[in-house]
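There are 2 protein chains.
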Amino acid sequence: MNKGQVFIISGPSGSGKDTVLSQIFKKRPEIVFSISSITRPMREGETEGEKYNFISKERFEQMISQNELLEYNRYIDNYYGTPAKPVREATESGKDIIIEVDVNGAAQIRRKMPQSVSIFIMPPSFGELERRLSCRGTEPREVIEKRLRSALNEIRRAEEYDYIVVNRDVSCAADDIISVINSRRLTVENQKHIIDEVLRKC
Amino acid sequence: MNKGQVFIISGPSGSGKDTVLSQIFKKRPEIVFSISSITRPMREGETEGEKYNFISKERFEQMISQNELLEYNRYIDNYYGTPAKPVREATESGKDIIIEVDVNGAAQIRRKMPQSVSIFIMPPSFGELERRLSCRGTEPREVIEKRLRSALNEIRRAEEYDYIVVNRDVSCAADDIISVINSRRLTVENQKHIIDEVLRKC
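Going line by line, the protein sequences match chains V and W.
If you read the first sequence in the working numbering, its first letter stands for residue 1, the second for the next number, and so on.
If you read the second sequence in the working numbering, its first letter stands for residue 1, the second for the next number, and so on.
Bear in mind the hints are in silico, worked out from the structure with no lab data behind them.
Beta carbons are placed, not taken as given, at the ideal position from N, Cα and C, and that holds for glycine.
Errors might be hidden in some of the hints.
Listed next, the in silico BS3-like pairs over lysine-lysine satisfying Cα-Cα at most 27 Å (straight line) [what the hints assert, rightly or not]:
no.	chain 1	residue 1	chain 2	residue 2
1	W	Lys27	V	Lys26
2	V	Lys112	W	Lys192
3	W	Lys146	V	Lys192
4	W	Lys27	V	Lys27
5	V	Lys192	W	Lys112
6	W	Lys146	V	Lys201
7	V	Lys27	W	Lys26
8	W	Lys192	V	Lys146
Cβ pair distances, simulated, as ranges [stated by the list, open to error]:
no.	chain 1	residue 1	chain 2	residue 2	range
9	W	Gly49	V	Leu152	49 to 55 Å
10	W	Pro29	V	Lys51	39 to 45 Å
11	V	Cys172	W	Glu92	22 to 28 Å
12	V	Tyr75	W	Glu189	29 to 35 Å
Rough simulated footprint, nothing fancy, chain W against chain V, three-plus residues with beta-carbon under 8 Å [stated by the list, open to error]:
no.	region
13	153 to 162
14	194 to 200
Pulled out of the complex, with its shape left as it was, chain V reads as follows (with noise of 0.2 Å):
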């Protein structure tokens, strides 16, 4: 049986990540989501273990010191991160997993997994993002401007990934995704055991 593979995907506010990634999922339930741990509380509306794992800041300080983090990140006063053991047993059970991770995340992860595959979802312009990011409610000019720059850093960092993918279309960019991580199972790497298999029997 071939391994699973990691999918490392990134979307600033405003590429209209998460939309494309239920689609994904919607599509190909057998893709598995990587839950990231957090010490923040929890907000209304969330659930724990859908998104998130809701831990101590003690909790994931040990798994810090203990090396259990694929990546993590300090935000303000709370903790976001990647916890290895689940990426590692969807892996090796021949399960692809996805991990939503910022563009620092992405490139912890990278350095530590180089085999991992990593994807950029972009807004299909400066206008639409600007538009997308001002649509969302009445906030005052200044949080919107806070977010593009935010936005534009993360989009001069899309050249560290290997796929870009732009959000046009919602099922679009999903299905652009699924290519990948379809063509991810072809590569010669990935399937040379099945050459063996042929000539093993000849």
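Using the hints, position chain W against chain V.
Then chain W, alone, in the frame of chain V:
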């Protein structure tokens, strides 16, 4: 506009390559098929310009001396080759092109076009390969065995390819190859312009 890409597709006799290819062109008619130039006489059922351009030996040798071929081969008394011009024209107009060629031709093209992507179509097993080669009709055993040896010699070189697609089911194999073709449009090298486009406006 992005340039189109060159996809080299090989598969031994018994891999089902021809059926897979015709499925691909049915599903994705915008992909161009590279027409080989050959010097053998036209056979019944063949049409000029469909799979082959039938040309004279003199013209073929002129193409060799003028470096107009991406690859060529001499088999018994005839030449077979891939003219470079239609491939260049397709990719420059943004179209992807498939070149169907054997392992030797693939190696020649790879040297001339290192950016090309190569895909090897495999039979699912040795038993199935044997079965497909024997089922063709009432050919003598030695003809079948010669074909089998030649198929195995091609399979031994499948590691030279970027991707290996196992043809268990024709439609799935065609979809796998289409995934590879789609995914290659999304590599960061082919998408850099979109990063610049989004950032230029800000």
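Status of each hint after checking the structure:
no., hint, in the structure
1, W:Lys27 <-> V:Lys26, "holds (24 Å)"
2, V:Lys112 <-> W:Lys192, "holds (25 Å)"
3, W:Lys146 <-> V:Lys192, "holds (25 Å)"
4, W:Lys27 <-> V:Lys27, "holds (20 Å)"
5, V:Lys192 <-> W:Lys112, "holds (25 Å)"
6, W:Lys146 <-> V:Lys201, "holds (17 Å)"
7, V:Lys27 <-> W:Lys26, "holds (24 Å)"
8, W:Lys192 <-> V:Lys146, "holds (25 Å)"
9, W:Gly49 <-> V:Leu152: 49 to 55 Å, "holds (51 Å)"
10, W:Pro29 <-> V:Lys51: 39 to 45 Å, "holds (41 Å)"
11, V:Cys172 <-> W:Glu92: 22 to 28 Å, "holds (25 Å)"
12, V:Tyr75 <-> W:Glu189: 29 to 35 Å, "holds (33 Å)"
13, 153 to 162, "holds (count 6)"
14, 194 to 200, "holds (count 6)"
Against the hints set out earlier in the document, no violation occurs for any number.
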